[in-house]
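Trainee: Residue numbers (our numbering), protein chains in the order written: chain A, 2 to 158; chain B, 2 to 195.
Honestly, the hints are just simulated from the structure, not real lab data. It is possible that some hints are incorrect.
As the list claims (entries may be wrong) - Capping the alpha-carbon separation at 30 Å, the derived lysine-lysine pairs in DSBU-like fashion look like this: (1) Lys37/B x Lys82/B; (2) Lys82/B x Lys34/A; (3) Lys23/A x Lys34/A; (4) Lys37/B x Lys23/A; (5) Lys23/A x Lys185/B; (6) Lys34/A x Lys37/B.
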Amino acid sequence: MESAEPVVRGRFQLSSFRESWKHCSQASNYLAKLIVDQLPDTYYLYSAVINELFEVIFRDVGTDGIMDVEVSRSDNEILLDIRVPDVSALAATWQAYAAAGSSPERRTDSYLDCLGSEEPNPALGLLQISADYDVQLDLREDEQGATLRATMSRGSS
Amino acid sequence: MSDQRSYGEFPVNGGLHDSLDMCWWLRPDRLEHDWKDVSEVANFIADYLAASAASTDELVLRQLRDSASYVVNELVENAVKYCADDFIQASSGADDDHWTFAISHGSPAETVAGLEEFLERLQASSAEELMIEQVERNFELGSESGSGLGLVTIIADHGAIMAWQIVPNGGRCMVHTAARLPTKPTFCDWNGAG
Chain A
2 MESAEPVVRG RFQLSSFRES WKHCSQASNY LAKLIVDQLP DTYYLYSAVI NELFEVIFRD
62 VGTDGIMDVE VSRSDNEILL DIRVPDVSAL AATWQAYAAA GSSPERRTDS YLDCLGSEEP
122 NPALGLLQIS ADYDVQLDLR EDEQGATLRA TMSRGSS
Chain B
2 MSDQRSYGEF PVNGGLHDSL DMCWWLRPDR LEHDWKDVSE VANFIADYLA ASAASTDELV
62 LRQLRDSASY VVNELVENAV KYCADDFIQA SSGADDDHWT FAISHGSPAE TVAGLEEFLE
122 RLQASSAEEL MIEQVERNFE LGSESGSGLG LVTIIADHGA IMAWQIVPNG GRCMVHTAAR
182 LPTKPTFCDW NGAG
């Protein structure tokens with residue numbers, strides 16, 4: 002496994018983060034600008050992916066505690082870790098995402114099914130970035146909370 | 002036992018970064034490589050605070066947001082110039098009366114000595130007096146770098162309330178700089194009546 006170089010770390014009080022929906026796009030745009038090198042297309046890719054993840058956090062996680070964000074990159078990948086204190090807050094969304102299956106093809110099928118369904122699916126955003134941008138998502142839990150990791154290819158769009 | 006020195010009234014004793022709404026660990030090598038990244042973080046922090054600001058006066062909020070961006074940009078630029086660590090800590094927070102920014106970084110002791118000399122002069126005179134003095138001095142010396150003009154400007158032109166804590170540790174020091182911007186305009190008449 003290649004080593005990843007840290008780009009930036011941030012910490013948000015969830016109480017203030019959830020004061021405005023705009024915070025999701027502001028934070029994702031800022032992080033995307035830090036990540037990109039020169040290719041303008043990838044800025045929109047990264048920004049869209051990160052924004053979707055922040056919006057899931059905004060919707061699912063409460064106002065107590067802090068959210069830690071870390072971005073790192075290797076030659077081939079961008080890693081985004083978002084750590085929140087409340088594991089249970091993400092459970093429903095993650096279960097719906099995991100139920101779509103582990104292969105990219107099945108997740109894409111699930112995403113398309115969601116689009117054609119009137120039944121709301123909390124994982125729609127996660128399935129979308131997985132299908133449209135080939136983002137790999139993982140959720141790790143420990144005693145202190147949960148870390149949502151997005152792995153994105155560098156330079157693809 | 003520490004011979005920590007303070008200049009101005011630091012807004013919170015200890016744990017300042019933790020008490021604020023948002024904190025970033027920035028890499029000075031990246032910022033130095035591309036100064037655009039400094040303005041990016043400054044604009045982001047200012048926009049973030051503005052997004053949840055209580056003010057309903059759009060003109061006041063826009064001016065406050067622009068001042069915040071200017072102040073953070075200046076403080077982070079200074080931190081990049083004088084940082085001796087592999088990270089700079091930048092925090093921001095807001096309450097009804099102030100937007101607060103805190104920047105921390107390590108510096109060599111000799112660099113900090115120059116900063117403290119400037120801070121002594123700042124305490125002994127007003128920012129306006131010091132600004133004129135520095136402009137004249139820079140004109141004579143033909144240099145602006147390290148003059149402190151940027152700090153004086155954010156006090157005199159943006160109404161920032163500044164404070165510093167210097168914490169020595171061996172041959173280097175941690176420099177904590179805090180700036181508070183009043184959320185209600187006090188340094189000029191926003192309606193153009195004076």
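Trainee: None of the hints should be skipped; say for each whether it holds.
Mentor: To see whether the hints hold, each was checked on the structure:
Only pairs whose Cα atoms come within 30 Å are accepted, and Lys37/B paired with Lys82/B is accepted, the gap being roughly 14 Å. In summary, the hint linking Lys82/B to Lys34/A is supported, as the alpha carbons are separated by about 22 Å, within the 30 Å threshold. As the CA atoms of Lys23/A and Lys34/A are separated by approximately 17 Å, the hinted pair is consistent with the 30 Å bound. Pair hint Lys37/B plus Lys23/A holds up; C-alpha atoms about 22 Å apart against a cutoff of 30 Å.
Simply put, Lys23/A and Lys185/B have alpha-carbon atoms about 23 Å apart, close enough for the 30 Å limit, and the pair holds. Of the pairs offered as hints, the one joining Lys34/A and Lys37/B holds, with about 10 Å between alpha carbons and a cut-off of 30 Å not exceeded.
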